[in-house]
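For this one, chain X is given, so just place chains L and Z on it according to the hints.
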Amino acid sequence: MLLIHCPYCGETLPEVEFAYAGEAHIARPENPSAVSDEEWAEYLFMRDNVKGVHYERWRHLHGCGRFFNAARNTITDKFLTTYEAGAPRPALDTLTEGGK
Amino acid sequence: MSKYRVSGRGRIDTSRPVSFTFDGKRIKGAKGDTVASALLANGIHLMGRSFKYHRPRGAVAAGSEEPNALIGTRRGPGRFEPNTRATVQEIWEGLETNSQNKFPSLKFDVGAVNDAAYMMFSAGFYYKTFMWPRSFWDKVYEPFIRAAAGLGVSPKEEDPDTYASRNAFCDVLVIGSGPAGLAAARAAAVEGLKVVLVDENAEAGGTLLSEPQAVIDGKPAWDWLSSELAALKAAGVKIMTRTTAIAYYHQNLIGLVEKLSDHLEVLPQDTPRERLWRMRAKQVVLAQGALEKPLVFHGNDRPGVMLAGSAQTYLNRYGVLVGTSPAVVTSHDSAWFSAFDLADAGAKVQAIVDTRSEIRQELLDGAKSRGIRVLAGYTATGTEGRLRVKSVRVNPMQSGKVGAPETISCDALLMSGGWTPSLHLFSHTQGKLAWDDDRTTFLPDYTPEDCVIAGAGRGLWGIAAALADGAEKGQQAVEALGRSAIAAVPAVKNDRTGTGVSHKELPTDLSPGKAKAFVDYQNDVTAKDLRLAVREGMKSIEHVKRYTTNGMATDQGKMSNINGLNIASDALGRKQPQVGLTTFRPPYTPTTFGAFAGYHRGGHFEVTRKTRIDSWAAENGAVFEPVSQWRRAWYFPKAGETMDQAVARECAATRSSVGIFDASTLGKIEVVGPDAVEFMNRMYTNPWTKLGVNRCRYGLLLGDDGFIRDDGVIGRMGQDKFHVTTTTGGAARVLNMMEDYLQTEWPDLNVWLTSTTEQWSTIALNGPNAAKLLAPLVEGVELTEEAFPHMSCVECTVAGMPARLFRVSFTGEIGFEVNVPAPMGRQLWETLWKAGEQYGITAYGTETMHVLRAEKGYIIVGQDTDGTVTPDDAGMAWAIGKAKPDFVGKRGLARPDLTAKGRKQLVGLLTEDGSKLEEGAQIVFDPAQPVPMKMVGHVTSSYDTGTTGRPIALALVEGGHDRMGETVHIPMPDRTIAAKITGTVFYDPENAKLKI
Amino acid sequence: MTRFNAFNLVKNALGGHKAWTEQWPESQPKAEYDVVIVGAGGHGLGAAYYLATQHGITNIAVIDKGWLGGGNTGRNTTIIRSNYLYDESARLFDHSVDLWQTLSQELNYNVMYSNRGVLMLAHNVHDVQSFKRHIHANRLNGVDNRWLSPEECKEYCPPINIAKDARYPVMGGALQERAGTARHDAVAWGYARGAAARGVDIIQNCAVTAIRRNADGSVAGVETAKGFIKAKKVAVSASGHNTQVMATADVRLPLESMPLQALVSEPVKPIFPCVVMSNAVHAYCSQSDKGELVIGSGTDQYVSYSQRGGLPLIEHTIAAISEVFPIFNRMRMLRKWGGITDNTPDRSPIIGKTPVQNLYVNCGWGTGGFKATPGSAHVFAWTIAKDEPHPINAPFTLDRFRTGRLIDEAAAAAVAH
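Protein chains in written order, with our numbering: chain X, 1 to 100; chain L, 1 to 996; chain Z, 1 to 417.
Looking at chain X on its own, in the form it has when it is part of the complex (with noise of 0.2 Å):
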């Protein structure tokens, strides 16, 4: 079970007050009527599924409730940071994994 820093409450918690939320930094697009039918299919369905590295959300479910971002490296699960939604991607070389 992970342990989730939610970076509204500025706790650090247990996994099942958490419900994950998909990749992270996908746009809905401004105007969906305007985009063709292989754009929407990108934006609905196409993910990176990142091996290492991997931007996504989570949401503090039984908690704040808020929606927030998250860096994770996916090989090792471990949490390089969480940052609240709508603030841009961390660079990568700023992180480094939590513990060892």
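Because the hints were derived from the structure by calculation, they are not lab data.
Since the model is a prediction, treat every value here as computed from it, not as a measurement.
There's no promise every hint is true.
[Said to hold, decoys possible] With a cut-off of at most 25 Å between alpha-carbon atoms, the simulated BS3-like pairs for lysine-lysine come out as follows:
#1 K401(L) / K18(Z)
#2 K3(L) / K28(L)
#3 K107(L) / K269(Z)
#4 K516(L) / K107(L)
#5 K65(Z) / K230(Z)
#6 K916(L) / K132(Z)
#7 K348(L) / K390(L)
#8 K132(Z) / K980(L)
#9 K18(Z) / K575(L)
#10 K164(Z) / K610(L)
#11 K934(L) / K132(Z)
#12 K514(L) / K52(L)
#13 K52(L) / K230(Z)
#14 K721(L) / K884(L)
#15 K18(Z) / K52(L)
[What the hints assert, rightly or not] Distance windows between CB atoms, simulated:
#16 A480(L) / A210(Z): 39 to 45 Å
#17 H263(L) / A207(Z): 20 to 26 Å
#18 L264(L) / N279(Z): 36 to 42 Å
#19 A210(Z) / G482(L): 44 to 50 Å
#20 R3(Z) / I26(X): 30 to 36 Å
Backbone N, C-alpha and C define an ideal beta-carbon position, used for all residues, glycine too.
Showing chains L and Z alone in chain X's frame:
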């Protein structure tokens, strides 16, 4: 006392005799014995039969790594478990135990014919045969194989015991309470740090319990142990025995299982059998020690052949001599000390046979002084004895050649192939291992977790080394927490350290192809099986493991993995690291299901959500159905009524007068804020801007893929306040979806969302008399067509309670939904009930609700839709706000397949013969076609209805909206039913009944 | 290749099993192949086997970064069934079930396909409606599946608890008798042996690092740990790694890789005659020929390649097993493990051509790929050989995510109202 029980030895209490039964025979032991130690004390080595060859087997070990001595244990009705390790199960007065995998008896087992034909049952033999004739696999071969396999028998009764679980946190968790663990815990026991020390055994001490000769800080080992444990307790360390660290999860979450009652004669009241601890530790010290390796030679599995260290444990911990005239075969110094201990306790040690030709002088002196014959540079090539070893065949080795055999009589054979670190938990952390050529074993290298490994677990032998390393690692753990610790290292005398060499199979003068030299005892995997696997192309250790089943027995490879690797590596001609070690998988030892299930059994398996009116329904005879986590009243049968009769009565009463229904489970979300209407416009398909305050509207929610996700009536309670209802099962999902869009796509919208599902009790009143019944109770609004028309909502007072009143109908009759603060629900229900008596008010359940709405053609999301249905498919294109620039799902609806012709569309069906269709039945246009048929849709809802006087159905049919009046066919197993496509509204299409 | 039969087994037994030969040789890559298959699981090895036996293409390499059969082929709970709802799925999976019936004889390798029946339990009215819809659709598709009452469920599988007052009472079940289980490793080994005997190179411990393309965009071959290998066609079925491999050819996939855990109990004598699946409480159970109860759980919620799941899911899975089969509460868990499942949005696989000429993909099997192994391999081989899909896999395109023509088995299970 039997000749095998040595007085003055061991930690058992011989003044407190305990008896139990083994295969029905009464066995006497003493307080502190395990089943195995008590049997051995009675001279009984034969404890079980092996998996494949049904060979007689005895205990080969003294702890949780035991592969052979597995027994069934029983404590009266319901309390039976198979495959219990006799070496771990503590005895208590009245315990019943049974041997396994034998017929008719342990001493004479017909299954042992497999042993005679063992050449047939080589590794993977079953992949090569049993294929002809085809039908024989299911009917003959497989049943035969299945019956022969398996060890014990499954429990067959429900478990009367309870299990518990707890979350816990600590600063330092030390796993293993041998010298390394004790020293680590002591070092970590710094003021203010929470330290927990766990051990799977009944008492703490580990190796110290088997090495009483050691002197630590001037005290005999056991005295030092007592004072050290007292000191740890005094320092606040929590010591948990009978507690196994079963698995190491992410971020230092360790699963611990504490056994609370399996060792007790009398079960304490209200005490769980086991408790699962989810221990989150900031730092972990793994001090699990090392496991002794068996030697691999022909006949190394006979009862009485045992690990030397285990024999030493039986003597020193349990006061049991495993034999009065044992012999020893070893490649490691440690077995010499075991031999010395047995000799000192009165055994006549027949010989120490060491594969090494050079032996330390100290050991030779020890043997000489005890009159033990030493055969150095010898190999073991066989054993004799049917149900217990009676001799060992040994041969000298000179320059790689095996010389003439000699037979040494013995009543037990102690063996040691050296030691290998216990790396299981370290491996669970995804820890990397490094091969150590000197020790011929893997050692821990890197782990991503906050964890260190101490003592024999990283290849350090001897008490002094373990204590020193434990202290250092404990100190490290403390320093990692930003604190400092000073760890004193105790001085040790009479320590036993040593070295050894590692072997594959021992050299032999006999045909190695015929040798029964076991590597995995329980699964009957021999060295030649491993070599056969390699010969057949299995070149990864994982292939070898899977082909031979080596390491897959209930000891989880503790006895077999490293020997298997060494042999496979030799067969492949590759170094061990190139062959690889199989992954150690959790749990560390087999773990009771009940410990995982914990409290979640029976009624507590999952929470049961009940409305405030549920109790009334229960008192009034409702039959319930589970709907997501809720239990809902399904129907209210009167005495003698069937479900159909009850539903027909409920329907008729509602249509003719008034029915009352508990709708509290409907999801409710309060959408509030200056941008609430904009938010609603974006979320739902419908237009909301022009909806007036105190008006409500049916809302349709899509996913961004364009398919229907949910629906419900939504009331505008104020300019900036919406009361949204959702389906019962969809409440949480819809709120999550709304929050997702609000927080991440439209954070600029000033809207607040609140789940109010459990804040309101909701009661629906439907029927021609609904308004008449309700009106006298309502203050604040006139229930007239003019003042409060259909699809109105208002905050008012009902029966003196603050209420949100909706005039909506899911039945086609005049309908109201009254929302009051949840706790008032039952009071309102009873008030309405009383007020309704003059109208013959009738309570109805979900089934009647389903029938009434189907008659009216109202859909149920999830029944009439399935996640592939668009609003247009469902005949609800009218619900789409076409002028809106965007809403969730709008773009999705424009995708090619969603606008294509021939989509399945919701229609009504009336059977031509008046029979009722089955829900889920498939529809075809051409009933004469052969299978596989081209199916064009299915029946989504179907009911016998009194109202229409005939069964009706809703169905999704390809191009259905353009096929009104056409006949389709529903092929059933016994006949094909013809049905006419109709509109979906079967009752009051003019909506006349909705008017007051 | 020594033929496997009782005669040769006895003959070899008498000879100390000295004469058995390698079931597949250890191959080193050649410079060029007609077809390179990435991923030596059942699907990849099977595709090589069918290319060799049915399409006359034998100049094939199957390349894997680890040991063959070491991915999901060797990590699943071996359940085989075909009672899927949609015609497309039912045909694909039933094609597999057809092939399973005689796969041992076809491969001359006993994969122990056992028609012990798969029983899916219904625990609420919605389940009943949904299962009956499946049963009717299956009947008209010629797929075996029938309804059992709670009492009939109990008779078919005695450990099931059908008490009316259970938290989720059993309201009936859908039984597919032709369904069952097979020995997972043997499937990979059998296909490997069969393919190797026909000249296919199986190259283990050799990671494919990239797909190389020609100037015109078509496939040129694969870059590997052992150097570049030229290939006329490249077919990828590397579950758990498909996204990464395909990305090197600029093909994006709608996949999310989630951990899936499974476990076995200690072995006991026969107690559990069939396979039981209970979707409502998330319990899946069968008993292996060795006697272990084989139990599946759901996926963890996040993307992960760690092959390591969490404790809460295991607790829930065991609780579900104890709920449906209360007699097992005192049994012990022997071993649990994790795999990586590639999940598509509609929980149906993608088998077919890609936007890149001569590049093919077979992926997205989620938690259910093992059962489809022979059928999937068979139609994938067809697709590779003919450069067009077999009618059975034609609907399982990548393009369906653009058009919206999903085969939504997940949605078909729908939600409770």
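Cross-check of the supplied hints:
no.	hint	in the structure
1	K401(L) / K18(Z)	holds (23 Å)
2	K3(L) / K28(L)	holds (13 Å)
3	K107(L) / K269(Z)	holds (20 Å)
4	K516(L) / K107(L)	holds (20 Å)
5	K65(Z) / K230(Z)	holds (18 Å)
6	K916(L) / K132(Z)	holds (15 Å)
7	K348(L) / K390(L)	holds (14 Å)
8	K132(Z) / K980(L)	holds (22 Å)
9	K18(Z) / K575(L)	holds (23 Å)
10	K164(Z) / K610(L)	holds (18 Å)
11	K934(L) / K132(Z)	holds (18 Å)
12	K514(L) / K52(L)	holds (17 Å)
13	K52(L) / K230(Z)	violated (48 Å)
14	K721(L) / K884(L)	holds (20 Å)
15	K18(Z) / K52(L)	holds (21 Å)
16	A480(L) / A210(Z): 39 to 45 Å	holds (40 Å)
17	H263(L) / A207(Z): 20 to 26 Å	violated (51 Å)
18	L264(L) / N279(Z): 36 to 42 Å	holds (40 Å)
19	A210(Z) / G482(L): 44 to 50 Å	holds (45 Å)
20	R3(Z) / I26(X): 30 to 36 Å	violated (55 Å)
The earlier numbered hints that this structure contradicts are 13, 17 and 20.
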